[in-house]
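Produce the complete structure using the sequences and hints provided.
Okay, so the sequence shown: first residue is 0 according to numbering that gives the first Met the number 0, each after it adds one.
Hints in this document: simulated from the structure, not taken from any laboratory. Predicted model, so just to flag it, every value in this text is computed and none were measured. Take the hints with a grain of salt, since some may be wrong.
Pairs of lysine-lysine residues, derived as BS3-like cross-links and limited to a Cα-Cα distance of at most 27 Å, are as follows [stated by the list, open to error]: (1) Lys405 with Lys422; (2) Lys396 with Lys446; (3) Lys368 with Lys396; (4) Lys443 with Lys405; (5) Lys412 with Lys443; (6) Lys433 with Lys414; (7) Lys444 with Lys431; (8) Lys428 with Lys414; (9) Lys353 with Lys279; (10) Lys279 with Lys98; (11) Lys405 with Lys444; (12) Lys433 with Lys422; (13) Lys368 with Lys412; (14) Lys98 with Lys353; (15) Lys444 with Lys428; (16) Lys446 with Lys428; (17) Lys433 with Lys446; (18) Lys431 with Lys443; (19) Lys412 with Lys428; (20) Lys443 with Lys422; (21) Lys433 with Lys444; (22) Lys428 with Lys405; (23) Lys433 with Lys412; (24) Lys279 with Lys368; (25) Lys443 with Lys98; (26) Lys422 with Lys396; (27) Lys422 with Lys412; (28) Lys368 with Lys414.
Each pair of labels, with its calculated beta carbon distance range [said to hold, decoys possible]: (29) Asp123 with Leu349: 34 to 40 Å; (30) Gln575 with Leu499: 20 to 26 Å; (31) Phe365 with Trp484: 31 to 37 Å; (32) Phe399 with Pro174: 44 to 50 Å; (33) Asp257 with Asp304: 37 to 43 Å; (34) Asn498 with Asp288: 55 to 61 Å; (35) Asp123 with Phe399: 36 to 42 Å; (36) Thr270 with Asp123: 44 to 50 Å.
Even for Gly, the Cβ is constructed at its ideal location relative to N, Cα and C.
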Amino acid sequence: MGGNNREFMLAIGLCAVVLLGWQLFYGIPQMQQDRAQQEVAQQAQTNPDGSTVPSPTQTQPSPSGNNAVPTPGGTGSGVVGTRETVIAATDRVAIETPKLSGSINLTGARLDDLQLLGFQETVDADSPTISLLSPSGTAAPYYAEFGWAPTPNEPVNLPNGEATWSAPAGATLTPDSSVTLTWDNGEGFIFTRTFSVDEDYLFTIRDEVENTSADTVTLHPYGLVSRHGKPTVLGYFVLHEGLVGVLGDELLEVDYDDLEDEDRIQSHTSTGGWLGITDKYWAVALLPDQSAALTARFSDNPRGDLNIYQADYLHEQGLQVPANGRVSAESRLFAGVKVVSLIDGYEASLGVGKFELLIDWGWFYFITKPLFWVLDYFYSLVGNFGLAILLVTVCIKFVFFPLANKSYASMSKMKLLQPEVVKLRERYKDDKQKQQQAMMELYKKEKVNPMSGCLPIVIQIPVFFALYKVLFGTIEMRHAPFVGWIQDLSAPDPTSIFNLFGLIPWDPPSFLMIGVWPLVMGITMFVQMRLNPPPPDPTQAMIFNWMPVFFTFLLATFPAGLIIYWAWNNLLSIAQQWVIMSRHGVKVELFSNIRQMFSFLKFLKKPKAEGES
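Shown next as structure tokens:
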């Protein structure tokens, strides 16, 4: 294959790869949903607010508590109040940690009020703090609950989501002080629930049952995370948002639509594991006893126009509570920010298998996570993720230097062979097969690989996608500034040439948001391509001429950090190719190549009249 054909195939390949990436990363799935209106037969008892308590049977009911009261403004009442109003209307135990604020609802002993300190909705420091959990009665209830499910034919009055628990006066949950809640069923069973929390986002919940009656019963510990209503999701294939877990050593990612369009309940059996609901940067995950045999479920319980999504587990082997005896069960809950070091730390310290996959590292996990580690290391040195990206780019260029050096050297030799190639084309212009054979013999004789220029680009594609994944999905990159107008490396460049970078008071549509860094990327790509003369074929030349423009518009909405990487990588490639070409005796004709690119404008020149000087 000749040099020009090689360049043509490379251009087509690059366009195809980026178009595929665009569809993969930015193709938003169909948003229309067929919302079922009928109740699905449940394998569990349903709380008044719509959450379902796992049950060992399909028919065993769970009696409501003697002191159960409706949640103010709860789902059952049809009244929706503000978050502040609903929280103020219920008795609660405050939560105060360096990274969390919120409260435990004494109705149901639920964890349903959490805010993530230090994380705002936008880059504006005055924007609202992120609210992770909200109680029933608000517009979007989201909470975690723990308790006991009964065994068939052993009726016992158990606390449900409407039971009112008691707490010590003035109790506050902090990393230094746990809180114990109590509930008495009036029939000889006293339930206690002790909450503890660490300095970060891990809660430990210890449930205990004291039996003062003459009966022996068997109870099954359970835990659930319930979310009412489908949240706003980005809808990108590159990022999973929804129900997630590792059960039986298998990663399970269940989209909200999967539960609506398919089976309403997905059941799994496992020894240990974890499950919950994840957003892009935050998650609520159940971490049960890792030695317990579990039945775990992902479910959707439609209530009219409202869908209630739930992840829950139930201990298959119940705990026997003897007469005048007591039993206890302990579980944990992660509710917070998906910080890589924290997630990895919990996996190691708690022995929770593959908990690191709570962060969506993507297909190129083996590249993505090490790339994050390198970025994070450089960040610890320079204190700026933008500068860390520049340093990582240099490291990547260094790793691929032998390959790139060989590629550019081969390209330089091919350029030196262009006069010979032109002669062969003229000699066999009527016989394409002989023309190709002759050129391949020439390349073989001169030890030139016409495809060598493609290999560095092909190999770096996974690196490009991995960096995109890091920038797009890790909390460390969220709202991370670079310099000047780039205040969030995970977001697109906010400037646009179409309003003169803010001088004109007009907000262009998204497809016209071509900022400074995308322009720099496009220009550097243009210069790099002009280091070689344009192909003589008009079609190939047109593709090469328009590729930088195409890439500039296509990638302008990608994270700014990725565009900075590409632009800096282009600059390093230009310098590298310039040095290698000069070392091999090839004249760098950048400006003459640019002039040749515009040779099609010659037809605009007015021909000189005869005798005109």
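Right, here's what the structure says about each hint:
{"no.": "1", "hint": "Lys405 with Lys422", "verdict": "holds (26 Å)"}
{"no.": "2", "hint": "Lys396 with Lys446", "verdict": "holds (25 Å)"}
{"no.": "3", "hint": "Lys368 with Lys396", "verdict": "holds (19 Å)"}
{"no.": "4", "hint": "Lys443 with Lys405", "verdict": "holds (16 Å)"}
{"no.": "5", "hint": "Lys412 with Lys443", "verdict": "holds (12 Å)"}
{"no.": "6", "hint": "Lys433 with Lys414", "verdict": "holds (21 Å)"}
{"no.": "7", "hint": "Lys444 with Lys431", "verdict": "holds (20 Å)"}
{"no.": "8", "hint": "Lys428 with Lys414", "verdict": "holds (20 Å)"}
{"no.": "9", "hint": "Lys353 with Lys279", "verdict": "holds (18 Å)"}
{"no.": "10", "hint": "Lys279 with Lys98", "verdict": "holds (18 Å)"}
{"no.": "11", "hint": "Lys405 with Lys444", "verdict": "holds (17 Å)"}
{"no.": "12", "hint": "Lys433 with Lys422", "verdict": "holds (13 Å)"}
{"no.": "13", "hint": "Lys368 with Lys412", "verdict": "violated (38 Å)"}
{"no.": "14", "hint": "Lys98 with Lys353", "verdict": "holds (24 Å)"}
{"no.": "15", "hint": "Lys444 with Lys428", "verdict": "holds (21 Å)"}
{"no.": "16", "hint": "Lys446 with Lys428", "verdict": "holds (24 Å)"}
{"no.": "17", "hint": "Lys433 with Lys446", "verdict": "holds (20 Å)"}
{"no.": "18", "hint": "Lys431 with Lys443", "verdict": "holds (18 Å)"}
{"no.": "19", "hint": "Lys412 with Lys428", "verdict": "holds (23 Å)"}
{"no.": "20", "hint": "Lys443 with Lys422", "verdict": "holds (17 Å)"}
{"no.": "21", "hint": "Lys433 with Lys444", "verdict": "holds (16 Å)"}
{"no.": "22", "hint": "Lys428 with Lys405", "verdict": "violated (31 Å)"}
{"no.": "23", "hint": "Lys433 with Lys412", "verdict": "holds (22 Å)"}
{"no.": "24", "hint": "Lys279 with Lys368", "verdict": "holds (16 Å)"}
{"no.": "25", "hint": "Lys443 with Lys98", "verdict": "violated (65 Å)"}
{"no.": "26", "hint": "Lys422 with Lys396", "verdict": "violated (36 Å)"}
{"no.": "27", "hint": "Lys422 with Lys412", "verdict": "holds (16 Å)"}
{"no.": "28", "hint": "Lys368 with Lys414", "verdict": "violated (39 Å)"}
{"no.": "29", "hint": "Asp123 with Leu349: 34 to 40 Å", "verdict": "holds (36 Å)"}
{"no.": "30", "hint": "Gln575 with Leu499: 20 to 26 Å", "verdict": "violated (34 Å)"}
{"no.": "31", "hint": "Phe365 with Trp484: 31 to 37 Å", "verdict": "holds (35 Å)"}
{"no.": "32", "hint": "Phe399 with Pro174: 44 to 50 Å", "verdict": "holds (46 Å)"}
{"no.": "33", "hint": "Asp257 with Asp304: 37 to 43 Å", "verdict": "violated (19 Å)"}
{"no.": "34", "hint": "Asn498 with Asp288: 55 to 61 Å", "verdict": "holds (58 Å)"}
{"no.": "35", "hint": "Asp123 with Phe399: 36 to 42 Å", "verdict": "holds (40 Å)"}
{"no.": "36", "hint": "Thr270 with Asp123: 44 to 50 Å", "verdict": "holds (47 Å)"}
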